[in-house]
Amino acid sequence: MEVFNKTIDDLHTLLVEKEISCTELTRGYLKHIRQSEEKVRAFLTVTEDMALAVAAKVDKKIANQESIGILEGLPTALKDNMCTEGIKTTCGSRILRNFVPPYNATVTEKLQEAGAVLLGKLNMDEFAMGSSTENSGFFPTANPWDVERVPGGSSGGSAASVAAGEVPFSLGSDTGGSIRQPAAFCGVVGLKPTYGAVSRYGLVAFASSLDQIGPITKTVRDNALVLNAIAGHDPKDTTSVPFHKPDYTQFLENDVQGLKIGIPKEFFGRGLQPEVEKVVRQAIVTLADLGAEIEECSLPHMEYAMPTYYIIAPAECSSNLARYDGVRYGYRAEAEDMIDMFKNTRAEGFGQEVKRRIMLGTYALSSGYYDAYYLKAQKVRTLIKQDFDQVFGKYDVLVSPTAPTPAYKIGEISDPLAIYMGDVYTIPVNLAGLPAISLPAGFVGGLPVGMQLIGKHFGEGILYRTAYAFEQNTGYHREVPAWIKEVG
Amino acid sequence: MTYADKYEMVCGVETHVEMATKTKIFCGCSTEFGGEQNTHVCPVCLGLPGVLPVLNREVVNLAIKAGLALNCEIADFSKFDRKNYYYPDLPKNYQTSQYDLPICKNGWLEISVDESKKRIGITRAHMEEDAGKLVHSGETITTSHSSGVDYNRTGVPLLEIVSEPDMRSIEEVLAYLEELVQIMEYAGISDCKMEQGSVRFDVNVSLRLKGRSKFGTRTETKNLNSFNSVRRCLEYELERQADILDEGGTIAQETRTWDEGKGMTLSLRSKEEAHDYRYFPEPDLVPLVIDRDWVEGIRAAMPELPSAKRLRLQSLGLSEYDAKVITSSKTMADYFDKALEKYHDAKTLANWVMGDLSGLLKANSCSFEDSPVTPVQLAGLLSLIQKGEISGKIGKTVIEEIYKTGKDSEIIVKEKGLIQISDEGALEKIMEEIISANPKSVADYQAGKENAIGFLVGQMMKATKGQANPGLVNKMLKERLSQ
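Taken in sequence, the protein lines are chains A and B. Per the working numbering: the first sequence = residues 1 to 488. Per the working numbering: the second sequence = residues 1 to 483.
With the rest of the complex left out, here is chain A (with noise of 0.2 Å):
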């Protein structure tokens, strides 16, 4: 049975019908996985046995006429910086590539409550660091849609999987545009989700104050389904908040009537590739012609979003990333005394974009340089913040492209700065910890092209119902990669 192409409802219904068992399902995937695997390259690690051991489990319980929730049975596989226990946890990094956690992220246990099935864990830039996943300390990952290009990053394994059909859907984590982009490049839907919609604890920490776990899937409709598993207040994780957690699926309707959707004009600037724009301003229309009132707006801080995260981020990375320094777990490095090995360690452990970061954070936490970069970037911060607040005021939506270019090739750029310039719509939603979903809006010269809706704190709900009624009136989510159905 073809499975590359089946959505969490269709499979769903194959295993409460009884078409396919669990383990069947479960092999297919392993299979499509390693047919797939010699182009894409998402998977580090693949659990075949413990998958085929939780299939064995749901199909027990499906023989015995119990009653399957609808992400129960089904395959996923998660981010590699998601901790899983006894299972392999890199962080797509040397300095962790041995290191097994003894303890499960929220995210792994509320999947594993929910009955999916791990499949394995995912290719990523090295702590979540890069947007191509070029940096990942193993190997770089493929776009299913052209082989030679990146599959955006850093949770470019969780897109490129979703993309290539080897797991249905797959999480991701969002610093600074780290599901989105990847989502864009690979033609799939990914959402992040609003600061503290999902706990972060157990996922291995970028910077802590913007990383956000969120749903990469083929659809808006699955996107809901598993958002709903995975979000909640958790105990563990101060910084995810109390709140009431609707069933999302409720806001798949297929309606934008009356929606007041800002476009922010700083969003489609410079550097912006006009066939993408073309794309997006196309989607717009599409919109519009559905009954949604689009109107130009304007965030006025955006240009600083870029200098400020780029602070912000390496601070609390250079201190996150602290902890790995061969004493406890992980790589360690011969030395003659303790300072050498903490510091043979990490340049051995680290790569270049890790250490580039460490130190940039480093020199911007340091004594006499806090006040002009650090705190001065949070300052900003809260400008950034201000202006969406502002508009949020006027506008249920904001809709902008993912990316500015769609997916480039592998090894096509090696200034950082160009890299970094691709994440320049998606920055400022983590700085303002709002809630935004790339969804396919249309290909150029055969790459998909994203489209970025930007919603309130906590209104997840009106993204899905945007990304709903575009998705159900265009129908790019049901394009494939063509080499994936000889594959199927």
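The hints are simulated quantities; they were obtained by calculation from the structure and are not laboratory data. Beta carbons: idealized from backbone N, C-alpha and C, even for Gly. Wrong hints could be hidden among the right ones.
To be verified - Below are the BS3-like pairs computed for lysine-lysine, each with C-alpha atoms no more than 30 Å apart in a straight line:
id	chain 1	residue 1	chain 2	residue 2
1	B	Lys79	A	Lys379
2	B	Lys271	A	Lys376
3	B	Lys393	B	Lys338
What the hints assert, rightly or not - Beyond 12 Å from chain B on every Cβ pair, some chain A residues (computed):
id	residue
4	Ile70
5	Gly232
6	Glu293
7	Asp389
8	Pro404
Stated by the list, open to error - With beta-carbon atoms standing in for the labels, derived distance ranges:
id	chain 1	residue 1	chain 2	residue 2	range
9	A	Phe138	B	Gln37	34 to 42 Å
10	A	Thr382	B	Arg57	24 to 32 Å
11	A	Lys245	B	Tyr85	38 to 46 Å
12	B	Glu8	A	Ser366	31 to 39 Å
13	A	Arg34	B	Thr140	50 to 58 Å
14	B	Lys22	A	Ser67	38 to 46 Å
15	B	Gln314	A	Ile339	56 to 64 Å
16	A	Ser366	B	Ser169	35 to 43 Å
17	A	Leu383	B	Lys117	47 to 55 Å
18	A	Ile339	B	Glu32	30 to 38 Å
19	B	Glu8	A	Leu383	47 to 55 Å
Position chain B relative to chain A; hints supplied.
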């Protein structure tokens, strides 16, 4: 000549107090001392990748309580910050502490030295996590072949209390430390077990020529863990600084360490080598908002603090000195108060608590908490003496018996036949025998040597095995011999 002839010292102290919570500051692990190495640990206090801290509310309760006991302002809005530095006993290589918005600030406590009272300012008090403990294969880190780390202590909640540089003599410093530790113990902030390292001091000290107002350059000596070490460290450090200044040298601003064995301070790092801790707000914890009801609830439940207790004891007739001795340890003071409920002569009670009972406990290395003589038993014994049923002297025997057997004094007195003889008829016969056996003393007394009566009383007591009522014997002898 000592430093004090020419210079005045200026001293401030940072005190780290382990707070007496059952669980750690950011996780549910036990804070119990002395567990097998690395058994009171979990992913959170080990700082494994991905973990997050959750603030233990009881730590905040105790910090507020400490702040109130030290007359501090309690912040409405407080936050945690990360103090970044690399050391193997620190699993995250940063310590979660408080930097610019501590929970308590601007307080004071009162000390008393040579009859004069003085307020010592408390700059601030803040919450933080303790680090682990290095376990070296050899004597010291530099001479060891290898070192291990025990993380049981990692995440034990600490309160760091920073004083103003208000102390001007070693006596003042010690008085401050004693008072501070007592307050922490009385308020239930910490069990203050110095021998377990639950209180540690960093001492900042400088000298200035007498009469000058400008502070000299200070040194900070870290990690002293007893009053005695603080005293010895200051004695050494002040002489060291005075010697340098006398020779026209300058004091280097630096961090020093105290070598207990050598009895000297040693340079640890200079100002130039000082760590840049790169403090920034802890993004994994939301800021702490403390409303007035929270603070007032804790204030209302505040136990009696040492200074108030001393005043109360003085009002009951104790001297200032006795009140100070009784309150010097919380367990003694608690014992005293319990006995006082049953026996109301505070002065006599204090004498017994500080004298015989303390002596007994000390001789047996026992604490007041575990005293085999319960407060009620001591009160019972003193009541027997007060009623004249036994003499004070017999009482000394009885308390030893209570200590040994745990029996109440009434039973001991009965079993051993120790009831005091207050029957004049019974004593008269013995008196006549003593008088006729000691004609010289009788003659001496009648010749005006008044203290000769003491010998005769002693003989009477001896003859009655201490059971005679000494007051009565005295009175009877005087009457008989003046006839």
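How the hints compare with the structure:
Simply put, B:Lys79 and A:Lys379 have alpha-carbon atoms about 17 Å apart, close enough for the 30 Å limit, and the pair holds. Of the pairs offered as hints, the one joining B:Lys271 and A:Lys376 holds, with about 28 Å between alpha carbons and a cut-off of 30 Å not exceeded. Proposed proximity of B:Lys393 and B:Lys338 is supported: the alpha carbons are some 24 Å apart, at most 30 Å. No beta-carbon of chain B comes within 12 Å of the beta-carbon of A:Ile70; the shortest separation is about 27 Å.
Every C-beta of chain B lies more than 12 Å from that of A:Gly232, the closest at about 15 Å, which supports listing it as non-interface. Every CB of chain B is more than 12 Å from the CB of A:Glu293 (nearest about 37 Å), matching its label as outside the interface. Every C-beta of chain B lies more than 12 Å from that of A:Asp389, the closest at about 20 Å, which supports listing it as non-interface. The Cβ of A:Pro404 sits about 29 Å from the closest Cβ of chain B, beyond the 12 Å cut-off, so the non-interface label holds.
A:Phe138 and B:Gln37 have their C-beta atoms about 35 Å apart, which keeps the hinted 34 to 42 Å range intact. Evaluation of the 24 to 32 Å hint for A:Thr382 and B:Arg57 yields a pass: the beta carbon distance comes to about 29 Å. Checked against the hint of 38 to 46 Å, the pair A:Lys245 and B:Tyr85 passes, with Cβ atoms roughly 40 Å apart. Between B:Glu8 and A:Ser366 the CB atoms are about 37 Å apart, so this pair conforms to the stated range of 31 to 39 Å.
About 56 Å separates the C-beta atoms of A:Arg34 and B:Thr140, a value consistent with the hinted range of 50 to 58 Å. The given range of 38 to 46 Å is respected by B:Lys22 and A:Ser67, whose C-beta atoms sit roughly 42 Å from each other. Our hint of 56 to 64 Å for B:Gln314 and A:Ile339 holds, since their Cβ atoms are close to 57 Å apart. As the Cβ distance of A:Ser366 to B:Ser169 is approximately 39 Å, the hint placing it in 35 to 43 Å holds.
One distance hint, 47 to 55 Å for the beta-carbon pair A:Leu383 and B:Lys117, holds here, with the actual separation near 53 Å. Remark: the range hint 30 to 38 Å for A:Ile339 to B:Glu32 is upheld by a beta-carbon distance near 33 Å. Separation of B:Glu8 from A:Leu383 is about 51 Å and conforms to the stated range, judged on CB atoms against 47 to 55 Å.
Figure legend: structure checked against the earlier numbered hints; every hint is met.
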